[in-house]
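Chains as they are written, first to last, in our numbering: chain A, 1 to 161; chain B, 1 to 475.
It cannot be assumed that every hint is accurate.
Derived contacts from chain A toward chain B, CB cut-off under 8 Å, selection only [stated by the list, open to error]:
#1 L13
#2 P44
#3 E45
#4 A47
#5 E48
#6 L95
#7 L99
Some chain B residues near chain A, calculated using beta-carbon distances under 10 Å [unchecked claim]:
#8 R60
#9 V83
#10 F131
#11 L133
#12 I134
#13 T135
#14 A141
#15 G144
#16 R146
#17 R148
#18 K149
#19 Q152
Sample of chain A residues with no beta-carbon within 12 Å of chain B, all distances over it, derived [unchecked claim]:
#20 N11
#21 F31
#22 A34
#23 N35
#24 E116
#25 Y133
Bear in mind the hints are in silico, worked out from the structure with no lab data behind them.
Note that beta-carbon positions come from the ideal geometry of N, C-alpha and C, so glycine has one too.
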Amino acid sequence: MTKTIIIGFGNTLRGDDGAGVAAAEMLAGDFPGANVVAVQELHPELAEQLASCDLAVFLDASVRTSTLCVTRVSPARSVHGAEGHALSPAGVLALCSGLYGHAPQEALLVEIPASECGFGETMSAQTLRMTDYCVLLISELLTGETTAGILLDLAPSPAAG
Amino acid sequence: MSKTITISPVTRIEGHAKITIQLDERGNVTDARFHVNEFRGFEKFCEGRLMWEMGGITSRICGICPTSHLITSAKAGDDILAVTIPETAEKLRRLITLAQWIQSHALSFFHLSSPDFLLGFDSDPATRNIFGLITKDREFARRGIRLRKFGQEIIEVLGSRKIHTPWAVAGGVREPFDAAKRDHLLALIPEAKETALLALKTLKSIHQEFAADIPNFGSFRSMFVGLVAPDGALEYYDGTIRVMDGSGNIIADKIDIHRYDDYIGEASESWSYLKFPYYKPLGYQKGMFRVGPLARVNICDYIDTPLAEAERKVFKAMAGNAEAVNNSFYYHYARLIEILFAVEKAEMLLHDPAMLGTNIRARAMINRRLGIGASEAPRGILFHRYEVDENGVLEKVNLIIATAQNNLAMNRTVRQLAIQYMDGNKITEGILNRIEAGIRCYDPCLSCSTHASGRMPLHVQLLDCEGTVVSELRR
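Just chain A, same shape as in the assembly (with noise of 0.2 Å):
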């Protein structure tokens, strides 16, 4: 059976930017026995509980596209976004490649469009929408109902949105 992990990251004090924590508390309430991480930020010690999992899936807000994007990540080449402890997924990936000789075998990133980020609490309508079809598909992911692959098929590039 797939070891799947899902890691929801962002601000939830900036609007929009929180998108990716709120999807993730939903599909932790929804599946309380599912490995659901919610962050502010993606942080090292990550990267063991990233070591045991097959699967990777990343949620995260994005102002780069207008609509649920879908892209495959693969561990960080060069130290960019792997310093320091805000990392990127590409970044965490790399650590946990490096320090335990593996990465999951499949790793997502969904972003979910953001258009306002200023200082508050509240998603706008169209961030919310998504945040809900993000929830959607991670939840028929989770129930074997969809795979990786048939997301990846999914969501338009950030190029092609």
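Assemble the complex: chain A is given as a structure, and chain B must be docked to it using the hints.
Then chain B, alone, in the frame of chain A:
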């Protein structure tokens, strides 16, 4: 024609900064400056907010040491309420402060500084990083990550989240502790202690390899400022202010934190957003002092945990016991002693039955119009000073952050390194590495100290006497 070299951004520290090195007509270093070029203005925009919100707001200054801001803010709040918080609440706050030290110091040593020590200052910068460290000694790197995780685990167990927990409040803490959580944390102590000892052993074993460089890493006499317990022990949460000079003389002691303003002034320079705190009795520049691990281990009379106290004695013996250890390179050594102390002390606290008490919060209205909180953040003493109206609305805020207090010393260190290593008008990787490493001794957190955001890459510029950039190096 004189010239200035600029290093910007500086890497493997938290925040944004650059370094400029000024040369005279003959190519000799005349000055070097560490510029911090970000600004967020927390002190100003907090005005008008309720003092109850300050823990949540000020902890957002930083992703590394939010807990230190939270605790110090809560202490300023205690002062405004005019309450003595319950014993359990104080001990729980002490535990989370130790956890903050462990996670921050572990990141500084293993993740940011170890690559310099284990791979060497002259190794390829492309690999002199955490990945190079993993290649060199994967188990050491793993242990470092796990040690930081241990600190984060304590914070999460107490505060329900690793970063920006809202757990401490004016009057105490929000949630009590329980036996299951205690047992979970106690089970993690042995590995944490073992890793702290391993790190100390590693640093001491490679120390001689840097014998030629160490004398240039901020080796100068300065004052040292920090909190000590009433009996002179190393303190991290409470206590009074002690000031020691570079010769090891205690020149001011048992200063109530409410009088910090009598002793610590803040100067500004047009070329940096980072203020320049100084020891007021000696005035700006002459009043340079250092805070943080080097200061704390220097100024205390003893450490009340056995393993850390044994290391402190070795540390002090380096300078002949009477003299303060004046070389900033030994911030790393002091930082590791403090990790060991924090793990030992956390174990002691976890065995204390008072930790499981349920009386965790004193409640009161606004009873004072001024509140001051101080604690020892990982990088040094941290002050929060709030003036409020009768409803607790903030009228004035002053935050004095550890990294800023080291600003004069960091500039002095950069100047010392530039003078020692600059040869002619060209910046080499070797020079760049050493200057970065010199700053890294202080583990500066520029997000905190300017209350500014971001990370800190390295940018060095060489300027001539007319201010023209003649050489530049970025990383």
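Against the structure, the hints:
no.: 1; hint: L13; result: holds (7 Å)
no.: 2; hint: P44; result: holds (5 Å)
no.: 3; hint: E45; result: holds (4 Å)
no.: 4; hint: A47; result: holds (6 Å)
no.: 5; hint: E48; result: holds (7 Å)
no.: 6; hint: L95; result: holds (7 Å)
no.: 7; hint: L99; result: holds (5 Å)
no.: 8; hint: R60; result: holds (7 Å)
no.: 9; hint: V83; result: violated (28 Å)
no.: 10; hint: F131; result: holds (5 Å)
no.: 11; hint: L133; result: holds (9 Å)
no.: 12; hint: I134; result: holds (4 Å)
no.: 13; hint: T135; result: holds (8 Å)
no.: 14; hint: A141; result: holds (6 Å)
no.: 15; hint: G144; result: holds (9 Å)
no.: 16; hint: R146; result: holds (7 Å)
no.: 17; hint: R148; result: holds (6 Å)
no.: 18; hint: K149; result: holds (4 Å)
no.: 19; hint: Q152; result: holds (6 Å)
no.: 20; hint: N11; result: violated (9 Å)
no.: 21; hint: F31; result: holds (20 Å)
no.: 22; hint: A34; result: holds (18 Å)
no.: 23; hint: N35; result: holds (16 Å)
no.: 24; hint: E116; result: holds (18 Å)
no.: 25; hint: Y133; result: holds (26 Å)
When the structure is compared with the earlier hints, violations turn up for hints 9 and 20 and for no others.
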